[in-house]
Every structure is written in structure tokens, then in C-alpha cells.
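**Q** Here are the chains, one letter per residue:
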Amino acid sequence: MRVSFLAPAEAIIDFLIAGLMVLVNLLPEALAEPFQYAFMQRALLTSIVVGAVCGLLSSYVILKRWALLGDAISHAVLPGVAIAYLLGWPFFIGAFATGALTSLGIGVIERNSRIKSDAAMGLMFTAAFALGVVIISQIATSTHLMHILFGNVLGVRYPALMLTLAAGAVTLTVVLLFYKELLIYAFDPVQARSLGLNTRVIHYGLILLLTLTIVASLETVGIILVVSMLITPGATAYLLVNRLPVMMMLATLIGVVSAVLGLFLAFRFNVASGGAIVLVATAFFLLAFLFAPQRGVVARRLRQRASQE
Amino acid sequence: MTAKTRPETPPAIQIQDLSVTYGSAVALDQVELSLPAARVISVVGPNGAGKSTLLRALVGSLKPSRGTVRIFGEQAERQRRRGRIAYMPQQEQVDWDFPLSVRDVVMSGRYGRIRIEDGWRRFLPIPMVPDRHRHAVDQALAAVDLDQAEQRSIDTLSGGQRKRVLLARALAQDARLLLLDEPLVGVDRRSEALIMEVLHQARDQGRTVVMVTHDIAGARRDTDFAVLINRRVIDAGDPKTVLTDDQLAFTATSAWLGEHASSAARPEPLEST
Chain A
1 MRVSFLAPAE AIIDFLIAGL MVLVNLLPEA LAEPFQYAFM QRALLTSIVV GAVCGLLSSY
61 VILKRWALLG DAISHAVLPG VAIAYLLGWP FFIGAFATGA LTSLGIGVIE RNSRIKSDAA
121 MGLMFTAAFA LGVVIISQIA TSTHLMHILF GNVLGVRYPA LMLTLAAGAV TLTVVLLFYK
181 ELLIYAFDPV QARSLGLNTR VIHYGLILLL TLTIVASLET VGIILVVSML ITPGATAYLL
241 VNRLPVMMML ATLIGVVSAV LGLFLAFRFN VASGGAIVLV ATAFFLLAFL FAPQRGVVAR
301 RLRQRASQE
Chain B
1 MTAKTRPETP PAIQIQDLSV TYGSAVALDQ VELSLPAARV ISVVGPNGAG KSTLLRALVG
61 SLKPSRGTVR IFGEQAERQR RRGRIAYMPQ QEQVDWDFPL SVRDVVMSGR YGRIRIEDGW
121 RRFLPIPMVP DRHRHAVDQA LAAVDLDQAE QRSIDTLSGG QRKRVLLARA LAQDARLLLL
181 DEPLVGVDRR SEALIMEVLH QARDQGRTVV MVTHDIAGAR RDTDFAVLIN RRVIDAGDPK
241 TVLTDDQLAF TATSAWLGEH ASSAARPEPL EST
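Line order of the protein sequences matches chains A and B. With this note's numbering applied, the first sequence corresponds to residues 1 to 309, in that order. With this note's numbering applied, the second sequence corresponds to residues 1 to 273, in that order.
Source of the hints: derived by calculation from the structure; they are not laboratory data. Computed from a prediction, not measured in an experiment: that's the story for all the values here. All residues carry an ideal CB built from backbone N, CA and C; glycine is no exception. It cannot be assumed that every hint is accurate.
[Unchecked claim] Below are the BS3-like pairs computed for lysine-lysine, each with C-alpha atoms no more than 27 Å apart in a straight line:
#: 1; chain 1: B; residue 1: K63; chain 2: A; residue 2: K116
#: 2; chain 1: B; residue 1: K63; chain 2: A; residue 2: K64
#: 3; chain 1: A; residue 1: K116; chain 2: A; residue 2: K64
[As the list claims (entries may be wrong)] Now the stretches of chain A that chain B is said to cover, found in silico as 3 or more residues with beta-carbon under 8 Å:
#: 4; stretch: 180-189
#: 5; stretch: 192-199
#: 6; stretch: 231-244
[Said to hold, decoys possible] Derived CB-CB ranges, DEER-like:
#: 7; chain 1: B; residue 1: D95; chain 2: A; residue 2: R200; range: 52 to 62 Å
#: 8; chain 1: B; residue 1: E197; chain 2: A; residue 2: A169; range: 47 to 57 Å
#: 9; chain 1: A; residue 1: D14; chain 2: B; residue 2: D145; range: 32 to 42 Å
For reference, chain B alone in the conformation it holds in the complex (with noise of 0.2 Å):
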């Protein structure tokens, strides 16, 4: 597998001591982390394990209590200034009755660029920016296929659309590093085939991938790295042998022992079909 053969590429994600604390409870304990580049990689663990909270950090969207976050081996607020980090949010976090369509949604990806590039003309309203951004989000629309629906307005859209709709604003970006909080949560088949082609295309073209996803049979079968986390790091590695029968049990256990600690019943082990 391709996680091994390239040892010499420096970290996408080099995280050290990090911890994220929500009033007295804490997300996020001394997490001590390093992915590599190029790879799409999946984020696992139970319910309150921290998953989202770990991509807002990467994100910038909430201030850790300690520790540091170095993305290529910049200062991760750096790399968000040069455009060089994508984010799609979880379907929720979205309000779908904006008064946007399809298209204005993706535009809206490109305007880190826009802002980065275009000098003076980033004040220009949308109809007047330079043709390349409108190139940027006819690619991403196809490679969605969403190119028919640019159009419509997003709150028409259905589950799997939405997610697409999100997928392909991160992908407008042109970003080095794409943060996806659940793409496949509540998509029909053929988009989660659809998301993980694009996906793969992305590594291939040397980006990398961290997705936090439920599923742990496809982290198994289509992602090349895996990090297992409950507050602080289980394991990571290569996800046939982070994502085994036994390490999920562990981490299901200890994360419903974490919570009852008082109570003497098994917990079900993490779904691993």
C-alpha cells in the first residue's frame, strides 16, 4: 500500500500536546499526532471521542487550551491565509434555507483565492472576478456532478446533493489539505462511490485527505491511513491494522466506561461491518 512507500515526504499534520477543553469537560486530551501527505486519511472513534473537535482545531474555528498544531510544516493559521486548507462542515451545521444556489455555494470556495491572488480586484463583485475562478468551479461541479444543478437553490437539494454541494466548494479551493467532517454520513450509494473517486483523485494529485467518518469497514477498505481516537490518540497507522475487531472493542469499552464508570453492564463494541 502506498502509505509505506513514501517515507521521505515531510508531515501534512504534525500535532503536538494538544488539548481542547469545553468548560470543564475536555474534548481533546494531550493528543499527539502526525499524518503524512498525499494520503486520505480517516478519523474514527465513538460518539464524544472529539472527531469534529479535532478538525475545527485544524480549522482554526476554536482556540485549544494547550499545545500547537503545524500544518506543512507551517504555522497552521499561515497555511489558512494561503488558501491552503479546505473544510466541509457536517450537513447540520449548514442553514440549507441561505438564499444561494448550487453554484454560489462553490463560488464561495474560491474566494480565499480571489482574495489571495486577485490583488484590487478581490472588491469586485462575483460576475466580474477573472474567468479562471469560474473554470475552477465548473471542474469542481463536474467532477461532482453537479453540473446540471448548478442553478437550483440549495434548499431543493436532497442528502447526498448537499454533501456534493459541500464536497465540491472544498474542492473549488484548490487547497493542499482537505478537511471533511462526515462526507459520507446519510449519502445514497452511488454518491458515496461518487465522494470517494473524487476523493482519491484529490490524493492522487498529491493532496491530502483527512475525513472523519462512522464507517469503519470503508476506513478499512478505502483510506490509507486510520487514526483511532477517544480524547487522546488509540492508535494510527496503516487501517487494516489500526481498525482491527479488538482495538474498536477497546476504545468502545473505555469510551463507555469513561461515562459509567459506575456500572458494572458490557457495552456493545463499535460497528465493524
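Just chain A, with the same shape it has in the complex (with noise of 0.2 Å):
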């Protein structure tokens, strides 16, 4: 059952890889040298999908400001991952559970306290975590409690990539389709829910896709780092350019160049994937930072300099 059941999926991975494969081919022999082993290949599959993911979704985070709200969900998936374990249910679901909990945990204390939304962030998001690191402190080892939270994108295989393919399909296919109503919600709330629009289906339609997206990517840059995937690419995307849609594909493209680079970086120099990833990631963000054409902190000093002579 579970084999025929898996068969046409991995058939789907192995046709992608071998795509994939064809471009890895057209560049230098050392660039492309890494990528001769499976593993780098499904490596290599996972972080261009999880870049892509975390890339799109990272500019609805940064134009919603909910980079906090991306901390908070990503720290309180891991009691679900944990609990989904011991259960032996799919990690998406307990993970999507403590995360949903969560965000309305945040609200209740915000609505019935004088506590601010931060703090109430802030407590709610390591209480979670705090939970999920007891749990599996009690079922599993250090070195995977190293990996939910870190990533270990070489180690990545068939049902995790898979997991990660399906969730990168939904997140896309969910933006494309309702690009429309996501853009009135985060624009103008108000003006959505004179449309007569649920704009909570919607609010929690885009957290259920920044939980599936953070559960994606558990593989690949871990629960911490995911964070800076969420928030990275959108900003330096928004540094750059002024219309949403290309902010969103640039978004992408920077998460996907990142992912790669960092990966190639990871192998290479044998360091740790996820954060040799957020660090080209965080690379780009500096770059544009300092060298935005119209907003980088360069070009604004030569304004002034030209505006004061």
C-alpha cells in the first residue's frame, strides 16, 4: 500500500531532479560538482522550493508587519511537531494546531488584558517552544531536536521533500488564484470587508499558508532560521522595487538564489546549510540596503550632496 501509494510521487521528485539536473550540467565543472550526488540533488530540489515559498509569503509578512507574528508561529510549531510524533500523525497537522493555538492565544491575552500585542507575542511564542523543547527532550535526541531547529537540508529525503513540494504547490496555486482578495486585506481591511469579504477566513487562511510554509521548510533552514526566509527576501525585494507583483516575483527569486547559494556554500566549506542560507539571504538585504537605487543609503547620500551644492 504505503509503496504504490509513495511510487508516483517519488516518480514526480526523480523527473524534477532529473530536470533540474540538465541545467546543473550547463554550468562550470566546479559549480556544478556538488550536485552529482543524490543527496545534494534533493537537497538542492528541497531549498529551491523552500525559497520560493518563504520568498512569496516573505512580502505579505513585510507589508502586513507581521515579521513578529512569523517569529511567534515558527517557535510554537514545535510542540506540534512534537505531539505529531508521538502520535504518529503527520507533522503538518499538530504543527498547524499549536500554531493556530498560539496566534489565538495572542489575541485573547491582547483582548482581555492591558497587555500589548508584543509582549503577548513574546510570551506566547517560548511558551510554546519551551514546551515543544520538554517534550522532545522525553522522546527523542539532542541531534534531532538539532535538526527541527537548525535544519539538515543534506539529509533530506523522499517524504520530507515531498511534503515540502505539496506545501510549495498549495501556497502558490492559494496566492495566484486569490492574489485579488489578499492584496484588499492587506491593503485596506476595511475596504475588504465592505466587499463584503470574511477577512478572518483570510487572516487565517495566511497564517494556515505561513504554517504550512514554515512546516516546509523545517528540512531545510529549521524552525529558527525559517524566520529570517519569512522576513529577508520580502525586505530587500521592497527595497528595490514599487509595484507588489514584482516585488512578490523578485521575493522569490532572491529566496530561491539564496537557498541555492547557500546551500552550494554549506557544501563546500562545510558548514551548517541553514544559516550559510540566511546568510547570502541576509547578504542581498545589506547589498540592497546600501546600494538601492533609489532607496539604498548610497544613492540617498548622493541626492543630498547633489541638493546641497
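Build the complex from these two chains, which are given one at a time in their own frames, with help from the hints.
**A** Here it is in C-alpha cells:
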């Protein structure tokens, strides 16, 4: 049963990897060489999908000012993963349950006390995270914990890769089909209500997509560093362009390039893949921060100087 | 004045026993109101009188603690789903650093129509939606004199232009009811005259316009119907009889007394020039 269910999915993955390898083999020998290993090929596909989906969603995270919320959800996912592991459920179900519970809990604290949202978030997500650490310390080795926290893209196997692909496909489809609704909701939620849109459904739908993406990124960058991939590509693109569709495409591209380049560097210099990916993304941000054509620090200094003379 | 010549038209908005509370603060208290269709209606009252709250209750973005709202004889939510209600927020409510062009914002006014009218094509990307939506956007942009600026990104606009973009978005929606939150605050004379002209045109096409305003003289001069509120409805009807200096002074005093019940000093009346 299990084999017959997995076989077509594995065939799809093998097909995608074969396609990728055609492209990789066009690269110079030195760049293509690490990807001769099967585990590097799986890691490459995972990184591309994770980079793309995180990059795509990071535009909304930036525009909705959800950076802290993304941080909160990613930490809150940990106990869900642990409980799902205990009960033999798919990771995603547990992760979404605790992710959603935490974001509901944040709302409950905000509405029923004088605690403001930043403290409510910090309080809830660290508590959920602590619960996750306690449960995991009971059921698994510290290596497992390290892999969940910081990712281990070089060890990605077919089931995890399939989850990542499925999460990517779902997110991409939803964002494409409901681009208009998401735009109105992000730009002016009150107008969204005037059109009879259910803003609560859109809100939690977006949180669901974030959770899905975070779970899908577990193996690649881990739940701590995924926050960076949900913020940095969008922030970089936000400094460079002025149109939402372009920003979303550019953020996706930056996510993919960061993930692939980070993976390559991690292999080359034998360092942690999650960290390498995030550092590359941050390097792109710094470049944009300094040298963006209109909003970069250098361009602004030059303009100031020009106006003074 | 047209306000009294068509009594047979059913009311655009019928509000019964509407109360809205924020925590323990009462923003609107048992509001009873019937607003006529095809008029420009001004909503006037002191700060904190619940003017924006009233609009938001009509828009559906906040939940009343009690009461009902019917719009064109139907449940408000049904009218919303049918794209009949357009909304223009206060300028500060919107993030002007959002990466959109003038045209993008106005096009977002069509999204409701696209959802309702275009079947499966509602899922298509914006460049692929049917042409009539683009025409509607062109018209709305021309109406507010922004057709030359349609490709500019919204962070480069002046205050008056920002108001006009939001107004164009509401116009593009082709709604029967326009709810405008302070459309005239912070705009120059030219923009103000243009906005009022556009609103009068909308009325003459049979639309109902409800606008929150602080400009009493303008409300007396340019609107067909006025609502004076201070958590409750003080008076509603012909602006010339509702917005008298006596009534405004009374409203200001009662608002002021509500906040400073123990103090003895006299408040300033509402600005009436």
C-alpha cells in the first residue's frame, strides 16, 4: 500500500531532479560538481522550493508587518511537531494546531488584559517553544532537536521532500488564485469588509499558509532560521521595487538564489546549511540597503549632496 | 431642495437601535436613523461622537453590540456581497508605502465586481480581466483628474491626490452607496471643489453618498441631508435646520459635559464658519 502510494510521488520528484540536473550540468565543472551526489540533488530541489515559497510569502509578511508573528508561529510549531511525532500523525497537522492555538492565544491575551501585542506574542511563543523542547527532550535525541531547530537539508529524504513540494504547490496556487483578495486585505482590510469578504477567513488562511511553509522548511533551514527566509527576501525586494507583483516575484527569486547559493557554500566549506542560506539572504539585503537605486543609503547620500551644492 | 421632493423612494439606510461599544466605552448608543436614497448626506458631530464608528458599522468592519442595519431594504451583509457598498477610509488608515501604483489602487475597487460578475475568470491575474473593468478604472481616474498620474506609485502623491485616489477607487466600484470617511480633510481648495462635484454627479446618477465631515459651512451649502450625532442621533434632516448654531452649540456642550461632568467652565461651540 505504502509503496504504491509513494511511487508516483517519487517518480515526480525524480523527474524534477532530472530536469534540474540538465540545468546544473550547463554550469562550470566546479559549480556543478557537488550536485553529482543524490543527497545534494534532493537538497537542491528542497532548497529551491523552500526559497521560492518563503520568498513569495515574505512579501505579505513585510507589508502586513507580521515579522514578529512569523517568528511566533515558527516557534509555536515545535510542540505540535513533537506531539504529532508521538501520536504518529503527519507533522503538519500538529504544527498547524499549535501554531493556530498560539496565534489565537495571543489575541485572547491582547483583548482581555492590558498586555500589548508584542509582549503577548513573546510570551505565548516562548511558552509554546519551551513546551516543545520539554516534549522532545523526552522522546528524541538532541540531534533530532538540533535538526528541527536548525535544519539538515543534506539529510532530506523523499517523504519530507514530498511535503515540501506539496506545501509549495498549495501556497503558490492559493496566492495566484486569491491575489486580489489578499491584496485588498493587506492594503485596506476595512474595504475588504465593505465588499463582504470574510477577513477572518483571509487572516487565518494566510496564517495557515505561513504555518504550512514553516513546516515545509523544517528540514531545510529549521524553525529558528525560517523566520529569516520569511522576512529577508521580502525586505530586500521592498527596497528595490515599487509594484506589488514585481516585489513578489523578486522576493521569490531572491529566496531561491539565497537557498541555492547557501546550499552550495555549505557543501563547499562544510558549514551548517541553514545558517549559510540565511547569511546569503542577509548579504543580499545589505547590498540592497546600501546600493538600491532609489532607496539605498548611497543613492540617498548622493542625492543629499547634489541638493546641497 | 431635492431632499423633500421624492418621499416615495425607500430609505437607503435604515438603522434601528444600533449600539457599539469598545470595551467599556460606548461609541454609539441606541442609534435610530433613516437615510434617504440618492442624496449627499453629511454626518457631523464633535470628536469622539462616533462618526467613523457609524461608517464602520455600515461597512461591517466592527460588530455592533446590538441593533440592526438594513441597506436598500436588505440585510447589510447581502448588499456588501453584491458589491453595492463602496468605502473610502481616512487617509491615515492606509499605508502609503504599500508598493502600488495609482491605477493598482483604483483597480482594487473593481475586485468586488470581478468576483461577482466574472465566474471562473475572477481567478485570472489582473492583466487578463475583461476590458470593461479597465474602462471603469479609466473613467474613475478621469473623474478625479488623476488620469495623468495613473502610473505613479502612491508614496509620491500629495495629500489631495491621496484623497482623490481613494475616491476614485470607490467610484470604480460602481456601488449604490458610497461611505466616505472625511473625504475633505487636508485637501486644497481645488481638490475639494473637484471632490464635491464628483459626489454631486454620483448623486445625480442615483447613488447615495454618506460622508463624515468637520466642515459645517460646506455641509450646509453642499449636502442634501445632515445627521448630527454625538453617540446618539441629535437631529437628522435638512442641513439648514439641523446644522443651526444653536444645535451645534448644544451638541458641543453636551459632548463636553459628558467628558468633564464635574468642571464648571463653558466649552467652545463647534466651528460654524
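**Q** Does each hint hold? Answer for all of them.
**A** Hint-by-hint comparison with the structure:
1. The suggested pairing of K63 of chain B with K116 of chain A holds, with an alpha-carbon distance near 22 Å, which does not exceed 27 Å.
2. Restraint check for K63 of chain B and K64 of chain A: the C-alpha separation of about 23 Å stays at or below 27 Å, so the hint holds.
3. For the proposed pair K116 of chain A and K64 of chain A, the alpha carbon gap of about 17 Å is at most 27 Å, so the pair holds.
4. With 8 residues carrying a beta carbon less than 8 Å from a beta carbon of chain B, the stretch 180-189 of chain A meets the three-residue requirement, and the given coverage holds.
5. For the stretch 192-199 of chain A, the assignment as covered by chain B holds, since 5 residues bring a beta-carbon within under 8 Å of that chain's beta-carbons and 3 suffice.
6. A stretch counts as covered by a chain when three or more of its residues have a beta carbon under 8 Å from one of that chain; for the stretch 231-244 of chain A and chain B the count is 5, and the coverage holds.
7. Between D95 of chain B and R200 of chain A the beta carbon distance is about 21 Å. The supplied range of 52 to 62 Å is therefore violated.
8. For E197 of chain B paired with A169 of chain A, a C-beta distance near 50 Å keeps the hint of 47 to 57 Å intact.
9. Separation of D14 of chain A from D145 of chain B is about 59 Å and departs from the stated range, judged on CB atoms against 32 to 42 Å.
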